[in-house]
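J.: Take a look at the letters that make up each chain.
2 protein chains.
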Amino acid sequence: MSGSSRAALLPRTFEDAPQRATPVSQKPKQPKVEPRLLRGFRDILPEDLIARDRMIGKVREVFEAHGFAPLATPALEPLDVLGRTDLEDDSGTGGGSIFRVVDPDEPGAFYGMRFDMTVPLARVVSQYPDLPRPFRRYAVGPVYRVDKPGPGRFREFLQFDLDIVGSEKMEADAEIVSCMVETLQALGLERFKVRVNNRKILSGALEFAGVPDEQREAKVGGRSVTYDVRLETLRSLDKFDRVGFDGIAELLGGGRRDETGDFKFGVGLADGCIEKLLAFLRVPNRARAESLEALRALMGGNALASEGIAELAEIDAVLSALGVADAHAAFDMTIVRGLAYYTGPVFEAVLLDAPEFGSVFSGGRYDGLVQRFQSAEIPAVGASVGVDRLLVALQHLKLVEKRSSPTEVLITVMDPSQRNQYLAMAAELRRAGIATEVFLGGRNFGKQLKYADRLGIPIALIAGGDEFARGEVALKDLWAGREISKQLASFEEWRENPTQVTVARARLIDEVRAMRERQRHFEQKLRSTQG
Amino acid sequence: MSGSSRAALLPRTFEDAPQRATPVSQKPKQPKVEPRLLRGFRDILPEDLIARDRMIGKVREVFEAHGFAPLATPALEPLDVLGRTDLEDDSGTGGGSIFRVVDPDEPGAFYGMRFDMTVPLARVVSQYPDLPRPFRRYAVGPVYRVDKPGPGRFREFLQFDLDIVGSEKMEADAEIVSCMVETLQALGLERFKVRVNNRKILSGALEFAGVPDEQREAKVGGRSVTYDVRLETLRSLDKFDRVGFDGIAELLGGGRRDETGDFKFGVGLADGCIEKLLAFLRVPNRARAESLEALRALMGGNALASEGIAELAEIDAVLSALGVADAHAAFDMTIVRGLAYYTGPVFEAVLLDAPEFGSVFSGGRYDGLVQRFQSAEIPAVGASVGVDRLLVALQHLKLVEKRSSPTEVLITVMDPSQRNQYLAMAAELRRAGIATEVFLGGRNFGKQLKYADRLGIPIALIAGGDEFARGEVALKDLWAGREISKQLASFEEWRENPTQVTVARARLIDEVRAMRERQRHFEQKLRSTQG
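Protein chains in written order, with the numbering used here: chain G, 1 to 531; chain V, 1 to 531.
These are calculated hints, taken from the structure and not from any lab test.
Fair warning: there could be bad hints in the mix.
No distinction is drawn between identical chains; accordingly, a pair holds when it is met within one copy or between any pair of copies.
As the list claims (entries may be wrong) - Straight line, CA to CA, 25 Å or less: simulated SDA-like cross-link-like pairs of lysine to any residue: (1) Lys-276 with Arg-454; (2) Lys-58 with Arg-516; (3) Lys-398 with Gln-519; (4) Lys-450 with Asp-130; (5) Lys-402 with Arg-60; (6) Lys-402 with Ile-56; (7) Lys-58 with Glu-401; (8) Lys-169 with Phe-445; (9) Lys-276 with Ile-56.
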């Protein structure tokens with residue numbers, strides 16, 4: 001739609017757009033309402049949101065450098081587009097059920113709130129058949145699930161996906177993996193690994209090991225249950241990270257009693273079969289070439305496995321050409337992921353210095369994308385950032401600044417009669433790209449510094465009439481003031497650094513920049529000594 | 001909450017966070033669903049979203065340079081927190097009514113979807129009493145209103161607010177105005193004006209002009225209606241931009257028949273009263289000092305007006321100290337805005353080259369912020385970006401690039417056997433910060449260039465075995481290829497520019513940068529000749 005043709009519509013159609021809030025809060029006589037959140041929902045206050053925004057910004061840069069374009073879809077969709085019943089019937093989604101919104105136009109009817117970004121992507125791909133293909137898109141936004149709320153588990157959370165739609169080539173899968181690697185590097189991480197497997201190899205391994213394709217009966221707590229042997233085998237393999245080789249052997253065999261004393265019934269496979277599966281899990285997971293060699297030697301005879309191995313070989317070739325090191329992307333046969341969902345390669349990224357956070361970024365190839373909307377299949381591959389856990393991991397690893405304000409310099413108000421001087425400095429600093437505010441609260445000087453401390457503002461500018469008369473201002477290094485109590489004192493080179501310096505007003509910008517650089521320098525040192 | 005203490009929770013609580021979509025689309029046998037949007041909702045495809053994201057990014061930078069911190073609140077809130085009934089009863093909000101969400105825990109109960117960012121801000125300020133004050137925050141996110149959908153009018157739209165909570169000082173108001181000015185400048189606008197008025201002066205003007213504070217009866221289309229004379233007077237003044245001085249005189253007097261022939265009944269004020277109001281509207285609106293002088297001369301005798309004039313004088317002093325020119329921020333007595341909502345200064349920004357878009361950024365001071373939640377008043381001042389209309393205006397003024405992809409270089413695949421060369425160049429370009437993709441679709445070369453054209457990718461890299469053997473690659477200037485059809489040919493200096501150059505592989509990065517710079521240079525020229 002051209003700007004001008006839209007412009008014509010504007011006076012009428014956009015009339016209300018920039019209006020602010022309704023007069024609701026103006027009604028004087030109403031009883032007070034308790035300010036509170038809904039269960040399972042949260043506010044993200046500046047301290048966490050500044051860190052999250054910075055993280056998201058860096059991730060976007062990497063995605064866009066790889067040619068992924070942003071796409072936004074509504075939070076509300078028709079219920080059948082989301083596939084409500086399926087979701088509600090399906091307990092294996094980990095997604096709970098869909099939030100329903102009252103349809104304002106049709107009594108008794110409902111809308112649904114999106115529970116992920118993939119179904120909307122499928123809708124868009126089906127609805128706009130002439131979108132260019134391959135379609136590289138990323139999407140970041142909140143999704144909603146009626147889930148049992150708990151600490152760290154919310155009913156509204158941010159989903160951050162990237163996908164390539166319309167290419168069956170393994171280059172696409174490799175692009176996603178390389179994007180995952182470069183994203184984690186851009187976030188300052190070095191010791192991480194993207195572990196890659198292939199569902200075809202997993203299925204081939206079941207054949208190769210002779211896992212029977214049948215239903216069986218088992219007695220669980222007195223009552224008998226039917227289970228699919230192959231599905232249950234995959235579910236057991238998926239527990240490798242938690243239970244290790246011996247645990248897997250028990251789960252595949254007669255069953256396992258965990259630390260808590262709970263007993264998990266076993267799949268009941270024959271010993272020879274279990275041996276073969278363990279050999280499969282033991283395929284080396286360091287150098288990609290080495291993994292491929294071992295896989296060919298072990299399962300080259302199996303057609304399905306060979307197909308999967310060839311795909312991994314293709315991915316290895318592309319990753320190598322892109323310069324992705326074995327240390328950052330490796331093949332690992334212990335990765336299962338999304339049983340019902342993925343159809344080819346699967347990926348998951350783990351942080352070697354914070355394994356307790358599990359997978360922080362994961363995905364794979366899936367061909368079911370548009371099945372809900374059309375018969376013609378469209379190949380797709382993608383991955384999701386685990387925004388919440390990745391952010392917490394970065395905070396845990398001290399890779400994000402903890403700030404409650406973007407302000408770098410707080411100009412304190414010593415002498416209100418000098419206001420214009422304060423304002424002029426603020427304008428000057430801002431023009432130089434240095435976030436600055438002049439304190440707008442009361443006069444009490446202690447309160448002004450306390451305010452800066454509360455917000456984690458690193459520098460306070462202090463000046464009154466005398467200083468201005470001398471053409472000087474004082475810069476107080478609040479960051480050091482806070483940190484010095486910790487280890488700063490231990491650095492030889494620190495001791496020469498005064499936490500307050502008097503500088504020439506004319507050199508304000510340079511002096512502020514110098515102090516910020518010094519702060520970042522020591523922040524680095526502190527991090528590396530802690531790490 | 002410290003990273004480590006949260007880390008402890010993770011294995012359990014974050015288990016599902018990074019999971020991708022549910023297996024919904026895997027169910028094979030279900031009937032196909034029609035891919036479609038709900039009425040009043042829209043997808044934002046890359047072409048528009050890339051432009052919007054860039055705009056939002058620039059706005060954020062300015063807000064953060066002024067020390068505003070981001071705050072995120074849920075899209076869903078308790079209905080009474082949003083004040084459902086008030087909103088539904090009140091037709092003057094322009095906001096329609098609230099979307100209701102089925103409460104999954106309590107049959108028959110509902111949540112509400114936020115309809116703006118100000119009520120959630122009020123909740124946060126009341127719920128976290130120890131937030132630092134003054135609290136400078138910005139918030140950007142979708143809001144929802146059950147409104148009659150129409151072209152350009154949606155039920156989900158982006159709200160982008162900045163507010164300073166907890167300061168009654170006029171410095172705060174001036175900070176908001178300066179933020180508005182610098183934001184519009186950062187977006188490449190020069191010819192715009194932030195028009196500032198003060199509700200106190202408006203009210204004072206009504207007293208000064210002797211507008212009776214009473215209810216009156218009028219016959220409208222046969223039936224008689226009661227109206228508040230002062231409110232109706234303000235409503236009339238608010239129409240100044242559309243009807244001008246003569247129209248205002250008619251509306252305040254006996255009534256006005258517009259172009260369409262519709263008759264709007266008049267407020268019925270006495271001629272002397274109308275004269276005084278017109279004199280008020282005629283207060284000069286160029287130099288701020290001049291406006292203040294004229295206001296003092298005209299209404300200095302009125303206490304309420306004088307209070308408002310003193311506030312504007314204060315704002316003028318701060319704006320001048322911040323270096324905000326009269327051309328960008330002026331006082332204008334014809335601005336009314338948000339009758340029921342604002343209590344002091346009010347602001348609105350208009351684009352002088354695109355006045356048809358109306359106010360693209362507006363706000364003011366309001367003291368009713370937390371009335372819904374507590375008795376203690378908290379002063380607040382803020383403004384909202386009219387995201388949709390501002391974006392359309394920028395597109396109309398050709399101030400945003402029209403791109404469907406962030407990709408700057410498409411590496412075409414002439415010879416699949418050279419894939420590793422292509423991939424290595426992609427990695428090299430990306431490392432240099434140049435968004436690049438290797439074509440992942442079919443081999444057909446024409447299709448590859450068509451793909452680049454569809455996406456508005458500015459450069460195609462073309463190379464096969466021979467070129468690589470010679471250590472060369474070809475760069476095709478697709479941007480010029482598209483633009484040349486327009487006016488490029490008219491530039492003398494353009495004619496020497498070939499649209500395809502063969503360059504040394506070793507100088508790839510420099511050559512790409514050079515071509516991008518040339519493209520931007522001519523893009524500028526085209527814009528300035530069109531503007």
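J.: Of the numbered hints stated earlier in the document, which are not met by this structure?
T.: 1, 9
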